[in-house]
Amino acid sequence: DALATAAQHRIAWSFGRPRRHPQIGPGSAMSSSSSPRIRLRVGGVPEHFNYPWREAVANDAFAAHGVKVKWSEHGGGSGEMAIALKEDEIDVACMLTEAAIAEVARGAPFKVVGAYVATPLVWGKHANAEYYSADHDVSADDRRGGKPKKFAVSRIGSGSHLMALVDATMRGARKPTDDELVVVGSLLGARDALRENEADYFLWEKFMTKPLVDSGEWVRLAEVPTPWPCFAVVASDRLLADDLATRSLVAALGVVRERADALVAADDAAERVAHEYDLQPEDAKIWLGTVRWCARPEMPRTVVDTVVDHLLDAGILKEDQLPEDALAYETIVAENVTQDVAVLS
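Numbering (my numbering), first residue to last: 353 to 697.
Bear in mind the hints are in silico, worked out from the structure with no lab data behind them. Please note that a few of the clues may not be correct.
[As the list claims (entries may be wrong)] For lysine-lysine, the following DSSO-like pairs were computed, each having C-alpha atoms within a straight-line distance of at most 27 Å:
#, residue 1, residue 2
1, K527, K558
2, K477, K562
3, K477, K527
4, K501, K670
5, K637, K670
6, K477, K558
7, K527, K502
8, K422, K438
9, K477, K499
10, K438, K637
11, K477, K502
12, K501, K438
13, K501, K477
14, K637, K502
15, K499, K422
16, K438, K562
17, K562, K502
18, K422, K501
19, K502, K558
20, K527, K501
[Unchecked claim] Pair ranges (Cβ atoms, derived):
#, residue 1, residue 2, range
21, A614, E550, 39 to 45 Å
22, A416, G524, 48 to 54 Å
23, R572, A416, 38 to 44 Å
24, A614, D566, 26 to 32 Å
25, T654, A525, 24 to 30 Å
26, D487, R653, 23 to 29 Å
27, E610, T529, 42 to 48 Å
28, D665, E575, 28 to 34 Å
29, A574, T654, 23 to 29 Å
Ideal Cβ positions, reconstructed from N, Cα and C, are used throughout, including at glycine.
Based on the provided sequences and hints, a complete structural model is requested.
What follows is the structure, given as structure tokens:
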């Protein structure tokens, strides 16, 4: 029907079809012969959390700091960005905190620089409305026995994968096995998997999936908030080895923080976010009242420890993956940073 078609259009655009900023190809952050400005290749998910980045890029707000940001959007989420960082396609990413820390603990060539969004992410646990009712008792799944439930995940090691395990751990339920994970690539892939009954559940940020719930295609069975700041800024080891590039990253975060503060204070903030991401204005207003951007080179050590504890409990990390020096903290030396910065190395 018309509502379902409109929702499909919104979701299809939101995941992989940015309105203003096409995917940027590789380019060195540390060397650019055509411009004296330091180039930073920054990646993020095509979601409302990254509105300040997109607005700053559209207005070339980084120029005053001698920085040129090349922004790219990754519909595959944190798992896709981790690959892009490893393959030197981007220098910086705004990744889910738990995914970033898991990757670094496994030896990925990047570090957590600080928190991007300080508030938790509220994940929705979704199912296709043709097979599940909104009042389905998720907690009863294990008690009933029978065929195990399957979880759609964008990628192994992605946020949707990690949160499926964390959700089970927090509820005291049995964690899904590898055979019960269905890799779908993106939200669009999850829609196909749930519609074809190849998977039962899918966890994703609740406002981005709300059009599917509103249209009646999906039901939201539960909400799962992360017990930590939801997005972290990570940077490649190659960038962090360059003092000028590191200072440029700190300056760029300052610009994003200013844009975020201005957005929250703007009378038309909800309308702007709703227009950019095809959300309902009332949903955007509710979301803006719950989110707090940080965008600083800060990450409390307690946050890292909490995330690691949950990852260990969920079986995502193992004790032998955490040598003593895997959780060392360093200080980024930058002109406008005076506090110690927790960096997972």
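Hint check:
no.: 1; hint: K527 - K558; result: 22 Å, holds
no.: 2; hint: K477 - K562; result: 11 Å, holds
no.: 3; hint: K477 - K527; result: 15 Å, holds
no.: 4; hint: K501 - K670; result: 25 Å, holds
no.: 5; hint: K637 - K670; result: 40 Å, violated
no.: 6; hint: K477 - K558; result: 8 Å, holds
no.: 7; hint: K527 - K502; result: 11 Å, holds
no.: 8; hint: K422 - K438; result: 17 Å, holds
no.: 9; hint: K477 - K499; result: 19 Å, holds
no.: 10; hint: K438 - K637; result: 36 Å, violated
no.: 11; hint: K477 - K502; result: 12 Å, holds
no.: 12; hint: K501 - K438; result: 33 Å, violated
no.: 13; hint: K501 - K477; result: 13 Å, holds
no.: 14; hint: K637 - K502; result: 34 Å, violated
no.: 15; hint: K499 - K422; result: 47 Å, violated
no.: 16; hint: K438 - K562; result: 32 Å, violated
no.: 17; hint: K562 - K502; result: 22 Å, holds
no.: 18; hint: K422 - K501; result: 41 Å, violated
no.: 19; hint: K502 - K558; result: 20 Å, holds
no.: 20; hint: K527 - K501; result: 10 Å, holds
no.: 21; hint: A614 - E550: 39 to 45 Å; result: 44 Å, holds
no.: 22; hint: A416 - G524: 48 to 54 Å; result: 52 Å, holds
no.: 23; hint: R572 - A416: 38 to 44 Å; result: 43 Å, holds
no.: 24; hint: A614 - D566: 26 to 32 Å; result: 30 Å, holds
no.: 25; hint: T654 - A525: 24 to 30 Å; result: 26 Å, holds
no.: 26; hint: D487 - R653: 23 to 29 Å; result: 41 Å, violated
no.: 27; hint: E610 - T529: 42 to 48 Å; result: 46 Å, holds
no.: 28; hint: D665 - E575: 28 to 34 Å; result: 20 Å, violated
no.: 29; hint: A574 - T654: 23 to 29 Å; result: 27 Å, holds
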